[in-house]
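Between the sequences and the hints, there should be enough to build the whole structure, so can you do that?
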Amino acid sequence: MARFLITSALPYINGVKHLGNLAGSMLPSDVHARFRRMQGHEVLFICATDEHGTPAELAAAEAGVDVRAYCDEQHDVQKRAGEGFRLSFDWFGRSSNPPNHRLTQHFCEVLEKNGLIEERVSRQVYSIDDGRFLPDRYVEGTCPVCAFERARGDQCDNCGSLLDPVDLKNPRSKISGSSNLEVRDTAHLFLKQGQMQDRIRAWVDAATEWPSLARSIAYKWLDEGLIDRAITRDLSWGVRVTKDGAPRPGFEEKVFYVWFDAPVEYIGATVEWAEATGNDWRRWWRTDEGAGDVTYVQVMGKDNVAFHTVSFPVTIMGSGEPWKLVDRLKAFNWVTWYGGKFSTSEKRGIFMDQALEIAPSDVWRWHLMANAPESSDAAFTLEQFQAGVNADLANVFGNFVNRITRFCAAKFDATAPGEGSETELETKLRADVAAKLAAITQHHEDMEFRKAAAETRALWALGNEYLQVAAPWTAIKTDPARAAVGVRMGLNLAALFAVVALPFIPDAATAVLDGLRVAPDKRVWPKAESAAALALVDVGQTIAPPDVLFKKIEDADVAAWSERFGAG
RNA sequence: GGUGGCGUAGCUCAGUUGGUUAGAGCGUGGGAUUCAUAACCCCAAGGUCGGUGGUUCAAUUCCACCCGCCACCA
Numbered sequence: 195m196a197r198f199l200i201t202s203a204l205p206y207i208n209g210v211k212h213l214g215n216l217a218g219s220m221l222p223s224d225v226h227a228r229f230r231r232m233q234g235h236e237v238l239f240i241c242a243t244d245e246h247g248t249p250a251e252l253a254a255a256e257a258g259v260d261v262r263a264y265c266d267e268q269h270d271v272q273k274r275a276g277e278g279f280r281l282s283f284d285w286f287g288r289s290s291n292p293p294n295h296r297l298t299q300h301f302c303e304v305l306e307k308n309g310l311i312e313e314r315v316s317r318q319v320y321s322i323d324d325g326r327f328l329p330d331r332y333v334e335g336t337c338p339v340c341a342f343e344r345a346r347g348d349q350c351d352n353c354g355s356l357l358d359p360v361d362l363k364n365p366r367s368k369i370s371g372s373s374n375l376e377v378r379d380t381a382h383l384f385l386k387q388g389q390m391q392d393r394i395r396a397w398v399d400a401a402t403e404w405p406s407l408a409r410s411i412a413y414k415w416l417d418e419g420l421i422d423r424a425i426t427r428d429l430s431w432g433v434r435v436t437k438d439g440a441p442r443p444g445f446e447e448k449v450f451y452v453w454f455d456a457p458v459e460y461i462g463a464t465v466e467w468a469e470a471t472g473n474d475w476r477r478w479w480r481t482d483e484g485a486g487d488v489t490y491v492q493v494m495g496k497d498n499v500a501f502h503t504v505s506f507p508v509t510i511m512g513s514g515e516p517w518k519l520v521d522r523l524k525a526f527n528w529v530t531w532y533g534g535k536f537s538t539s540e541k542r543g544i545f546m547d548q549a550l551e552i553a554p555s556d557v558w559r560w561h562l563m564a565n566a567p568e569s570s571d572a573a574f575t576l577e578q579f580q581a582g583v584n585a586d587l588a589n590v591f592g593n594f595v596n597r598i599t600r601f602c603a604a605k606f607d608a609t610a611p612g613e614g615s616e617t618e619l620e621t622k623l624r625a626d627v628a629a630k631l632a633a634i635t636q637h638h639e640d641m642e643f644r645k646a647a648a649e650t651r652a653l654w655a656l657g658n659e660y661l662q663v664a665a666p667w668t669a670i671k672t673d674p675a676r677a678a679v680g681v682r683m684g685l686n687l688a689a690l691f692a693v694v695a696l697p698f699i700p701d702a703a704t705a706v707l708d709g710l711r712v713a714p715d716k717r718v719w720p721k722a723e724s725a726a727a728l729a730l731v732d733v734g735q736t737i738a739p740p741d742v743l744f745k746k747i748e749d750a751d752v753a754a755w756s757e758r759f760g761a762g
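Residue numbers for the first sequence follow the working numbering, beginning at 195 and rising by one.
A few of these clues could be false.
List time: in silico DSBU-like cross-link candidates among lysine-lysine, alpha-carbon distance up to 35 Å [unchecked claim]:
{"#": "1", "residue 1": "Lys-645", "residue 2": "Lys-746"}
{"#": "2", "residue 1": "Lys-368", "residue 2": "Lys-535"}
{"#": "3", "residue 1": "Lys-721", "residue 2": "Lys-605"}
{"#": "4", "residue 1": "Lys-605", "residue 2": "Lys-716"}
{"#": "5", "residue 1": "Lys-671", "residue 2": "Lys-605"}
{"#": "6", "residue 1": "Lys-273", "residue 2": "Lys-746"}
{"#": "7", "residue 1": "Lys-716", "residue 2": "Lys-745"}
{"#": "8", "residue 1": "Lys-363", "residue 2": "Lys-273"}
{"#": "9", "residue 1": "Lys-746", "residue 2": "Lys-716"}
{"#": "10", "residue 1": "Lys-307", "residue 2": "Lys-496"}
{"#": "11", "residue 1": "Lys-535", "residue 2": "Lys-437"}
{"#": "12", "residue 1": "Lys-518", "residue 2": "Lys-605"}
{"#": "13", "residue 1": "Lys-746", "residue 2": "Lys-671"}
{"#": "14", "residue 1": "Lys-437", "residue 2": "Lys-273"}
{"#": "15", "residue 1": "Lys-386", "residue 2": "Lys-363"}
{"#": "16", "residue 1": "Lys-535", "residue 2": "Lys-414"}
{"#": "17", "residue 1": "Lys-518", "residue 2": "Lys-645"}
{"#": "18", "residue 1": "Lys-721", "residue 2": "Lys-746"}
{"#": "19", "residue 1": "Lys-622", "residue 2": "Lys-746"}
{"#": "20", "residue 1": "Lys-496", "residue 2": "Lys-671"}
{"#": "21", "residue 1": "Lys-645", "residue 2": "Lys-671"}
{"#": "22", "residue 1": "Lys-518", "residue 2": "Lys-273"}
{"#": "23", "residue 1": "Lys-386", "residue 2": "Lys-368"}
{"#": "24", "residue 1": "Lys-273", "residue 2": "Lys-622"}
{"#": "25", "residue 1": "Lys-605", "residue 2": "Lys-496"}
{"#": "26", "residue 1": "Lys-745", "residue 2": "Lys-605"}
{"#": "27", "residue 1": "Lys-363", "residue 2": "Lys-307"}
{"#": "28", "residue 1": "Lys-645", "residue 2": "Lys-363"}
{"#": "29", "residue 1": "Lys-746", "residue 2": "Lys-535"}
{"#": "30", "residue 1": "Lys-496", "residue 2": "Lys-721"}
{"#": "31", "residue 1": "Lys-716", "residue 2": "Lys-518"}
{"#": "32", "residue 1": "Lys-307", "residue 2": "Lys-368"}
{"#": "33", "residue 1": "Lys-518", "residue 2": "Lys-386"}
{"#": "34", "residue 1": "Lys-622", "residue 2": "Lys-645"}
{"#": "35", "residue 1": "Lys-414", "residue 2": "Lys-518"}
Since the hints were derived computationally from the structure, they do not count as laboratory data.
Printed below as a string of structure tokens:
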């Protein structure tokens with residue numbers, strides 16, 4: 195038994211996430227957490243909403259509510275969506291909660307003591323009417339190069355020139371439209387990442403087990419050279435900047451940059467969990483207080499890799515304190531909507547709340563993991579979704595459970611029969627099952643979700659192949675004992691299939707196990723070589739055929755959804 | 001613009017440390033079966049492995065360039 199700390203990249207507070215966000219971090223981390231728990235390991239699975247930053251402020255303003263209220267509401271919405279998808283977080287926290295504030299302030303202070311923080315003054319655009327400094331992207335004006343009238347402060351979308359907002363002609367606030375702007379000096383804290391370059395590189399060098407996507411992104415940043423980054427912003431919504439525990443002089447109107455405090459929330463959320471449940475968070479995060487034997491697994495989309503392989507490690511390592519660093523990192527590419535981007539504004543794609551309106555969570559979980567964007571971007575299409583889900587879940591798995599349990603109910607009084615002895619057919623089946631189990635286990639351990647799903651499906655197919663040959667419906671006419679062997683084996687296969695499917699499709703798998711009366715203590719990850727893997731249903735046990743597990747997705751459904759979600 | 005990734009059967013993807021007939025699922029066609037959600041099982045057809053050159057006895061696999069798509073950075 196080992197200990198696994200698993201974190202999913204934090205979903206930003208700004209609205210319900212779409213299927214790509216789900217498939218790229220929250221869902222795979224959940225599948226892995228479930229798998230590790232089933233293996234009997236001690237698992238702590240943490241996620242949270244990432245709530246600070248300008249986009250949250252702007253979204254709140256647009257909604258006409260204050261930021262805190264907006265985040266309260268959106269956090270609940272996202273929490274419910276997560277529950278709807280059966281994401282088994284041990285804690286779903288909030289980066290705006292006090293533990294994260296304390297920790298973020300702590301990290302900044304120790305980094306400063308270690309000479310890694312520097313205060314620098316820069317010139318920035320201040321909007322008098324908005325009463326705030328404007329981030330570069332929120333200043334609009336006429337491009338000094340091409341005269342395009344809606345150039346952004348950081349770049350002109352028309353000619354591509356890189357700009358400084360101070361250079362724009364007729365600048366105005368993108369927030370209020372006000373042109374009552376001026377340039378002011380403002381101080382910010384800079385994290386001197388450059389000083390940590392060698393230590394980070396050595397650490398990445400040693401991380402040979404990371405996937406190539408993660409390492410190549412880390413090396414790209416390291417090769418370009420780590421630049422010192424401003425870790426504060428002129429905003430009101432965020433973590434206050436302190437010095438020696440008190441408000442830092444000159445920084446009363448500033449907060450930490452969201453990318454500085456967001457990853458700290460992995461720890462902060464663990465503290466929230468500990469405070470709420472009476473557990474000890476230090477034994478998960480402090481290597482001097484029991485976290486030395488923890489394997490820390492991070493799951494994220496590729497856009498987050500640099501922050502997890504470089505920026506956050508700079509914070510952690512730069513603190514000089516014995517914090518737990520990531521051991522295994524799994525990065526995903528994007529799920530695309532018919533090859534293009536998901537788009538909220540153009541109503542292209544499906545978001546988590548909508549998805550649950552049209553199909554059960556298991557169906558999405560299965561399809562998104564069986565087609566996870568692991569090696570490259572993966573296209574989601576409703577047609578593929580329909581075909582794959584109907585074939586894998588309804589036809590192969592669901593129908594197998596249905597045919598064997600109904601046959602048992604009709605001919606064996608819904609009781610697992612004990613007669614008959616196994617033949618070479620069963621011997622071969624056991625060997626095939628053991629081989630598949632070994633492969634599935636390995637893929638789960640490697641966090642190769644696509645392969646794990648494919649092999650799980652292949653395991654299910656073994657059941658149908660077996661029944662086809664064993665044909666208890668034929669044998670029962672001449673050799674009831676032979677039929678009994680087939681039914682007994684079939685019931686046990688159904689139970690095993692469900693156990694192995696628990697990480698992917700927990701609801702349906704649980705329904706099967708409940709119907710087969712498999713005791714909770716038997717719902718653990720099976721060892722491939724163990725005969726126990728096919729001894730989950732006791733002889734003489736009465737079973738209840740579950741209802742049809744998966745309703746098929748009809749062509750009419752696809753047509754309606756295409757209309758609704760803008761397919762193709 | 002720079003950097004990286006990708007481009008393999010109708011579709012979604014594996015794979016090849018360079019070497020006889022390139023794989024899976026879906027879809028399609030045929031057969032078998034009837035316990036079952038017209039499901040399951042078996043068989044088959046389908047690809048000059050993005051293009052052009054190069055290295056090599058041999059390249060889909062290495063190299064160069066080109067085209068297309070994607071991401072990141074500036």
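These are the hints, each one checked on the structure:
no.	hint	in the structure
1	Lys-645 <-> Lys-746	holds (24 Å)
2	Lys-368 <-> Lys-535	holds (25 Å)
3	Lys-721 <-> Lys-605	holds (32 Å)
4	Lys-605 <-> Lys-716	holds (26 Å)
5	Lys-671 <-> Lys-605	holds (11 Å)
6	Lys-273 <-> Lys-746	holds (28 Å)
7	Lys-716 <-> Lys-745	holds (28 Å)
8	Lys-363 <-> Lys-273	violated (44 Å)
9	Lys-746 <-> Lys-716	holds (30 Å)
10	Lys-307 <-> Lys-496	holds (33 Å)
11	Lys-535 <-> Lys-437	violated (43 Å)
12	Lys-518 <-> Lys-605	violated (58 Å)
13	Lys-746 <-> Lys-671	holds (33 Å)
14	Lys-437 <-> Lys-273	holds (34 Å)
15	Lys-386 <-> Lys-363	holds (33 Å)
16	Lys-535 <-> Lys-414	holds (25 Å)
17	Lys-518 <-> Lys-645	holds (30 Å)
18	Lys-721 <-> Lys-746	holds (33 Å)
19	Lys-622 <-> Lys-746	holds (32 Å)
20	Lys-496 <-> Lys-671	violated (59 Å)
21	Lys-645 <-> Lys-671	violated (41 Å)
22	Lys-518 <-> Lys-273	holds (27 Å)
23	Lys-386 <-> Lys-368	holds (31 Å)
24	Lys-273 <-> Lys-622	violated (46 Å)
25	Lys-605 <-> Lys-496	violated (54 Å)
26	Lys-745 <-> Lys-605	holds (25 Å)
27	Lys-363 <-> Lys-307	violated (42 Å)
28	Lys-645 <-> Lys-363	violated (55 Å)
29	Lys-746 <-> Lys-535	holds (27 Å)
30	Lys-496 <-> Lys-721	holds (33 Å)
31	Lys-716 <-> Lys-518	holds (33 Å)
32	Lys-307 <-> Lys-368	violated (38 Å)
33	Lys-518 <-> Lys-386	holds (21 Å)
34	Lys-622 <-> Lys-645	holds (23 Å)
35	Lys-414 <-> Lys-518	holds (24 Å)
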